[in-house]
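Residue numbers (my numbering), protein chains in the order written: chain A, 1 to 300; chain B, 1 to 300.
Some hints could be false.
If several chains are the same, the list does not tell them apart, and a pair holds so long as it fits within one copy or across any two.
[To be verified] With a Cα cut of at most 25 Å, we get these calculated SDA-like pairs of lysine to any residue:
1) K251 <-> E112
2) K264 <-> I164
3) K171 <-> H31
4) K171 <-> G283
5) K217 <-> T286
6) K251 <-> R25
7) K50 <-> D167
8) K171 <-> D7
9) K171 <-> R300
10) K264 <-> Q9
11) K217 <-> A35
12) K103 <-> D213
13) K144 <-> C93
14) K144 <-> A22
15) K144 <-> R134
16) K251 <-> P104
17) K103 <-> A65
18) K217 <-> A33
19) K251 <-> D147
20) K103 <-> E206
21) K144 <-> E132
22) K144 <-> G201
23) K251 <-> E210
24) K144 <-> R300
25) K144 <-> M94
26) K50 <-> Q265
27) K217 <-> M32
28) K103 <-> E232
These are calculated hints, taken from the structure and not from any lab test.
Here is what each chain is made of, one letter per residue.
Protein chains: 2
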Amino acid sequence: MKIVESDFQAWMGGIQARTEAALARLLPPPHMAPARLHEAMRYATLEGGKRVRPLLVFAAGEVAAAPPERLEFAACAVELIHAYSLVHDDLPCMDDDVLRRGKPTCHVEFDEATALLAGDALQSLAFQLLAEYRLAEDPRIQLKMIDLFARACGSRGMAGGQAIDLDAVGKSISLPELEHMHILKTGALIRASVLFGAHCGSGLTEPQLESLDRYGKYVGLAFQVVDDILDEEGSSVTLGKTAGKDKQGGKPTYTSLMGLAGAKQFASELLADANAALAIFEGRATRLAQLADFIVHRDR
Amino acid sequence: MKIVESDFQAWMGGIQARTEAALARLLPPPHMAPARLHEAMRYATLEGGKRVRPLLVFAAGEVAAAPPERLEFAACAVELIHAYSLVHDDLPCMDDDVLRRGKPTCHVEFDEATALLAGDALQSLAFQLLAEYRLAEDPRIQLKMIDLFARACGSRGMAGGQAIDLDAVGKSISLPELEHMHILKTGALIRASVLFGAHCGSGLTEPQLESLDRYGKYVGLAFQVVDDILDEEGSSVTLGKTAGKDKQGGKPTYTSLMGLAGAKQFASELLADANAALAIFEGRATRLAQLADFIVHRDR
Numbered sequence: 001m002k003i004v005e006s007d008f009q010a011w012m013g014g015i016q017a018r019t020e021a022a023l024a025r026l027l028p029p030p031h032m033a034p035a036r037l038h039e040a041m042r043y044a045t046l047e048g049g050k051r052v053r054p055l056l057v058f059a060a061g062e063v064a065a066a067p068p069e070r071l072e073f074a075a076c077a078v079e080l081i082h083a084y085s086l087v088h089d090d091l092p093c094m095d096d097d098v099l100r101r102g103k104p105t106c107h108v109e110f111d112e113a114t115a116l117l118a119g120d121a122l123q124s125l126a127f128q129l130l131a132e133y134r135l136a137e138d139p140r141i142q143l144k145m146i147d148l149f150a151r152a153c154g155s156r157g158m159a160g161g162q163a164i165d166l167d168a169v170g171k172s173i174s175l176p177e178l179e180h181m182h183i184l185k186t187g188a189l190i191r192a193s194v195l196f197g198a199h200c201g202s203g204l205t206e207p208q209l210e211s212l213d214r215y216g217k218y219v220g221l222a223f224q225v226v227d228d229i230l231d232e233e234g235s236s237v238t239l240g241k242t243a244g245k246d247k248q249g250g251k252p253t254y255t256s257l258m259g260l261a262g263a264k265q266f267a268s269e270l271l272a273d274a275n276a277a278l279a280i281f282e283g284r285a286t287r288l289a290q291l292a293d294f295i296v297h298r299d300r
Numbered sequence: 001m002k003i004v005e006s007d008f009q010a011w012m013g014g015i016q017a018r019t020e021a022a023l024a025r026l027l028p029p030p031h032m033a034p035a036r037l038h039e040a041m042r043y044a045t046l047e048g049g050k051r052v053r054p055l056l057v058f059a060a061g062e063v064a065a066a067p068p069e070r071l072e073f074a075a076c077a078v079e080l081i082h083a084y085s086l087v088h089d090d091l092p093c094m095d096d097d098v099l100r101r102g103k104p105t106c107h108v109e110f111d112e113a114t115a116l117l118a119g120d121a122l123q124s125l126a127f128q129l130l131a132e133y134r135l136a137e138d139p140r141i142q143l144k145m146i147d148l149f150a151r152a153c154g155s156r157g158m159a160g161g162q163a164i165d166l167d168a169v170g171k172s173i174s175l176p177e178l179e180h181m182h183i184l185k186t187g188a189l190i191r192a193s194v195l196f197g198a199h200c201g202s203g204l205t206e207p208q209l210e211s212l213d214r215y216g217k218y219v220g221l222a223f224q225v226v227d228d229i230l231d232e233e234g235s236s237v238t239l240g241k242t243a244g245k246d247k248q249g250g251k252p253t254y255t256s257l258m259g260l261a262g263a264k265q266f267a268s269e270l271l272a273d274a275n276a277a278l279a280i281f282e283g284r285a286t287r288l289a290q291l292a293d294f295i296v297h298r299d300r
């Protein structure tokens with residue numbers, strides 16, 4: 001077990017470093033005009049986060065025998081969208097947060113207008129990467145990937161989840177409503193990451209793709225449940241963002257609706273569901289299984 | 001001349017109505033959850049503007065014998081991006097404008113967070129349309145269109161021009177700097193509109209495509225010069241937005257740098273350049289010529 005664990009850590013470190021290097025290369029250089037905007041885009045994206053979405057892209061890509069250079073572009077596109085969403089979420093008119101990944105948030109480090117534009121331009125750049133480089137054998141599959149991705153980002157995906165989240169502040173909402181919100185807000189992009197990895201390869205059957213989508217759905221939800229647990233238990237130092245923020249802000253969370261023990265139980269069930277969805281691969285989806293475990297058992 | 005004029009007016013009205021109907025159909029319905037977000041997206045996009053960019057898509061598409069149903073999707077994508085850029089530009093941290101197209105701006109009618117998310121989701125929806133529907137004979141050309149479009153929106157296109165614009169407030173900048181800013185801020189999307197129309201068809205030669213790109217560059221710049229002239233001369237009632245705003249805000253404009261007469265002269269020269277770029281089509285680019293004329297001689 002210890003060997004498996006260290007092997008996973010090494011794999012994870014490798015993907016994280018590869019993603020970081022690719023992002024640094026694909027983002028406009030900081031000295032290129034408009035320099036302040038490009039600096040803000042880099043500030044918001046580089047040296048940050050666990051790169052969970054890129055890890056999912058690569059892990060799913062492995063199952064589909066996808067060429068790593070394709071996965072790299074797909075992983076960067078997903079991470080650019082994630083970075084843009086954090087920049088916009090942190091703005092004063094949204095969550096009004098000043099700390100992110102242990103650093104001042106983008107609008108604090110730069111200014112609100114620059115942060116707004118940096119987020120906008122990060123979204124555009126994500127779509128540019130998906131269209132500029134070859135990501136799939138068949139260009140029609142690549143168009144399908146962009147379509148899927150745009151939906152995951154849009155009003156019935158991430159941005160929609162964000163809108164429901166805002167609307168829920170200070171209100172009492174039901175567990176199914178909370179689940180629906182998170183399936184859109186964080187789940188959509190996580191599911192898209194898994195399917196991206198799969199589509200960069202070829203030869204997966206429809207039932208296999210559907211299983212991966214189910215895996216992505218469970219993992220996406222588990223990710224959020226664990227986020228709420230960590231927010232309840234953790235300190236700002238460990239998390240690198242303001243702890244207890246959601247609770248203070250009157251936002252409904254899994255821990256507020258289910259209690260801490262209930263939320264932990266739910267996370268375990270989602271992990272079991274995610275693993276069950278991988279059964280179709282008969283043990284060939286090791287990285288995805290390890291990642292699900294990592295997402296549920298992480299401490300930050 | 002009068003017959004030509006009324007024929008152009010009828011054509012323009014037809015495209016505007018067609019674009020409006022297509023946008024109303026392609027935007028998520030207002031009652032669909034998250035309803036407030038969808039209402040804001042529709043509010044920001046429908047019943048507004050001259051639809052200059054869709055007109056350019058259709059006019060260029062005519063030259064390339066492109067199927068109108070493809071042009072419709074391309075026109076809507078461009079208009080969604082334009083609408084998103086206006087919503088974000090009007091936000092308090094940007095231009096802080098309260099009036100747009102004769103109505104309260106999106107964040108005044110809804111709220112800042114909703115306006116931010118509506119802009120974000122409009123950008124995603126634009127890319128979704130470009131990937132979901134068939135826009136070109138060859139899917140590889142369609143990917144190229146999305147790449148081109150993403151660049152026109154991004155940090156070295158529209159968002160970048162916006163950043164330079166913000167940075168220029170209260171500063172004295174040179175005419176070449178002002179031109180560079182506008183080529184990015186409004187020019188990039190206008191050029192992309194023209195090339196979109198062309199790529200929806202087929203059979204144009206490289207020199208013809210290059211001529212269209214040149215036409216788009218001149219028309220885009222002329223559009224901005226005339227905007228500055230109207231802002232100097234017009235009233236808020238005619239313009240449907242706050243007149244004299246740029247001047248008051250200490251923003252450099254063509255009229256502040258060249259004087260009113262100088263700016264008018266420059267607009268005429270750009271119109272001549274745009275027409276010269278169409279010479280390669282030997283009279284088959286009537287709508288594009290009429291549109292350039294319309295853009296330069298409009299009174300709002």
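How the hints compare with the structure:
For the homomeric pair K251 and E112, the shortest alpha-carbon distances inside one copy (24 Å) and between copies (19 Å) are both at most 25 Å. Taking identical chains as interchangeable, the C-alpha atoms of K264 and I164 lie at most 25 Å apart only when both belong to the same chain, with a minimum of 24 Å there against 48 Å between chains. Within a single copy, K171 and H31 get their C-alpha atoms only as close as 46 Å, which misses the 25 Å cut-off; across copies the closest is 21 Å, which meets it. Neither within a single protomer nor between protomers do K171 and G283 lie at most 25 Å apart by alpha-carbon distance, with minima of 44 Å and 63 Å respectively.
Taking CA atoms no more than 25 Å apart as the test, K217 paired with T286 passes inside one copy only; the shortest distance there is 18 Å, against 53 Å between copies. Taking the closest pair of Cα atoms, K251 and R25 never come within 25 Å of each other, the shortest separation being 38 Å inside a single copy and 34 Å across copies. Taking the shortest Cα distances, K50 and D167 never come within 25 Å of each other, neither inside one copy (28 Å) nor across copies (33 Å). For the homomeric pair K171 and D7, neither the shortest alpha-carbon distance inside one copy (45 Å) nor that between copies (56 Å) is at most 25 Å.
For a Cα distance limit of 25 Å, the shortest separation of K171 from R300 qualifies neither inside one copy, at 27 Å, nor across copies, at 45 Å. Proximity of K264 and Q9 under a CA criterion of 25 Å is satisfied intra-copy only: 24 Å inside one chain copy versus 65 Å between copies. Taking the shortest alpha-carbon separations for K217 and A35, only the inter-copy value of 24 Å comes in at or below 25 Å, while the best intra-copy value is 38 Å. In this assembly of identical chains, K103 and D213 lie within 25 Å of each other by CA distance neither inside one copy nor across copies; the values are 34 Å within and 43 Å between.
Taking the closest pair of Cα atoms, K144 and C93 never come within 25 Å of each other, the shortest separation being 34 Å inside a single copy and 36 Å across copies. In this assembly of identical chains, the alpha carbons of K144 and A22 lie at most 25 Å apart whether taken from the same copy (24 Å) or from different copies (22 Å). In the homo-oligomer, the alpha carbons of K144 and R134 lie at most 25 Å apart both inside one protomer (13 Å) and across protomers (11 Å), since each shortest distance falls under that limit. In this assembly of identical chains, the alpha carbons of K251 and P104 lie at most 25 Å apart only when taken from the same copy (22 Å versus 30 Å across copies).
In this assembly of identical chains, K103 and A65 lie within 25 Å of each other by CA distance neither inside one copy nor across copies; the values are 37 Å within and 54 Å between. For the homomeric pair K217 and A33, the shortest alpha-carbon distance between copies (20 Å) is at most 25 Å, but the shortest distance inside one copy (40 Å) is not. Taking the closest pair of Cα atoms, K251 and D147 never come within 25 Å of each other, the shortest separation being 31 Å inside a single copy and 38 Å across copies. For the homomeric pair K103 and E206, neither the shortest alpha-carbon distance inside one copy (43 Å) nor that between copies (49 Å) is at most 25 Å.
Taking identical chains as interchangeable, the C-alpha atoms of K144 and E132 lie at most 25 Å apart whether they share a chain (15 Å) or sit on different chains (7 Å). Taking identical chains as interchangeable, the C-alpha atoms of K144 and G201 lie at most 25 Å apart whether they share a chain (14 Å) or sit on different chains (21 Å). Neither within a single protomer nor between protomers do K251 and E210 lie at most 25 Å apart by alpha-carbon distance, with minima of 32 Å and 54 Å respectively. In this homomeric assembly, K144 and R300 never come within 25 Å of each other (Cα to Cα): the closest approach is 34 Å inside a single copy and 40 Å across copies.
Taking identical chains as interchangeable, the C-alpha atoms of K144 and M94 are never at most 25 Å apart, the minima being 31 Å within one chain and 35 Å between chains. Only within a single protomer do K50 and Q265 lie at most 25 Å apart by alpha-carbon distance; the minimum there is 24 Å, versus 56 Å between protomers. Taking CA atoms no more than 25 Å apart as the test, K217 paired with M32 passes between copies only; the shortest distance there is 22 Å, against 39 Å inside one copy. Taking the closest pair of Cα atoms, K103 and E232 come within 25 Å of each other only inside a single copy of the chain (21 Å); across copies the shortest separation is 44 Å, beyond that limit.
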